[in-house]
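Novice: The primary structure of each chain is shown beneath.
There are 2 protein chains.
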Amino acid sequence: MASNMVLYWGSGSVPCWRPMLVLEEKKLQGYGSKLISFSKKEHKTEEVLKLNPRGQVPTFKDGDVVVNESAAICDYLEYKFADQGTSLLPKDAAQRGMVLQRMHEAQNLNKGLIENVVHYIFRTKPEDVNQEHLNEKKKEAREELKRWEEYMQKQGSGTYVVGKEFSMADVFVFPLLAFAVRGKLNLDPFPGLKEYYQRLEKRPSVKATWPPHWSEEPAGKDFFTGV
Amino acid sequence: MASNMVLYWGSGSVPCWRPMLVLEEKKLQGYGSKLISFSKKEHKTEEVLKLNPRGQVPTFKDGDVVVNESAAICDYLEYKFADQGTSLLPKDAAQRGMVLQRMHEAQNLNKGLIENVVHYIFRTKPEDVNQEHLNEKKKEAREELKRWEEYMQKQGSGTYVVGKEFSMADVFVFPLLAFAVRGKLNLDPFPGLKEYYQRLEKRPSVKATWPPHWSEEPAGKDFFTGV
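Note that the protein sequences, when read in sequence, are chains A and B. So in UniProt numbering, spot 135 of the first sequence is number 135, and the numbers just go up one at a time. So in UniProt numbering, spot 213 of the second sequence is number 213, and the numbers just go up one at a time.
Warning: the hint list may mix true and false statements.
Because identical chains share one entry, a pair is satisfied inside a single copy or across any pair of copies.
Dumping the calculated DSSO-like pairs for lysine-lysine here, alpha-carbon to alpha-carbon at most 30 Å [what the hints assert, rightly or not]: (1) K154 to K44; (2) K44 to K61; (3) K91 to K50; (4) K125 to K111; (5) K139 to K91; (6) K164 to K80; (7) K125 to K207; (8) K80 to K125; (9) K202 to K221; (10) K154 to K61; (11) K207 to K154; (12) K139 to K80; (13) K61 to K146; (14) K61 to K80; (15) K146 to K40; (16) K111 to K138; (17) K221 to K80; (18) K164 to K221; (19) K138 to K50; (20) K164 to K40; (21) K146 to K44; (22) K184 to K61; (23) K139 to K44.
The set of hints was computed from the structure by calculation and includes no laboratory data. Just so you know, these numbers come straight off a predicted model, no measurement behind them.
Let the sequences and hints guide you as you build the complete structure.
Specialist: The following block contains the structure:
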């Protein structure tokens, strides 16, 4: 069935990494994997635009079904392959509610780290960076990370974002954390997240989907020093 | 079962309206409905903060299960009450993929209308408004609306966001459209959306959850003239 699937993705893109993790966890290896180059603007080619008029990745196709929003792809795959590979949304409604909560709450972590800090640095000429504004945004990112650290602390070591099983919440949280670590986030003030990160980076689905250009250049641009 | 549920919500809040629509559609009337006042900062009371440390609404509780992110509440309710009331996520995987896509794609409409235009106007002193910037953002909002107009046009009149049935995609799109119409968006250039809007505003779940202060003051602040 995976042979009917095509995923267009970019290396290091957090939204692309989510469905890639789901495809691995659901044992759907063998899907058509199309790595696009952002610098060559390959997400704006006719081939991608035909499937995704927004010209963004991820762009995903399963037979005739086209699903492009990362959360939609993840939910679609979990539903269609509910009993295959890792169960990413618990069948028990209460447990599922908790996983859904953290999965969607991760948008706050995305906002704190990516939208408010990374996008600001990317979109501002170095000479125009307002250090006071950036420091404020870094402080907000720290507060957000503290919140997730508390979640980890409350659960105790050896756990995932929600309880003792890897779930859709990890699919949404881990890539953000990995992006931040590569961007020089120091996890020492967040020991729960640090233990989680070091454990998860060894997980087979994570290793299989690790952004290839990160393997070549493990240290990224400095976004998060001082967070 | 609805008697175990409590929803804290604010009048006119798009994220609050989504779970309210789901509660109506799933025939869960009778839940504890707690209208909070934003101006009195009732979303920052101890009662809310105990359930939602972010101090935001919606805040939702079903027995011991606390779920606060709007998409998480909606998915939780649809899962727990799959066979009750309106089916909001189709059982057919291909159809479901399409609904999930539009449900999550609605974040672009949210960004175009609310984040880029409403938040900018709210957070900028009238004398500091950069008209050129605002016009650019209004133009982007128009482009986004055109995309959704095309979706409606392709399906023909009398349809919902995805096909012939009301779904989770409508739960995410309609409140944004209603917010925009109250903020003086002229729907005449978008006849498909206009027909859809006028039909949906008469839907029982929509009427039952219409923001109370909108009924008292049908005309809101002008955000969208010129879009």
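Novice: Looking back at the hints listed earlier, which ones does the structure fail to meet?
Specialist: Numbers 5, 7, 8, 12, 17, 18, 20, 22 - these are the hints that the structure violates, sorted from lowest upward.
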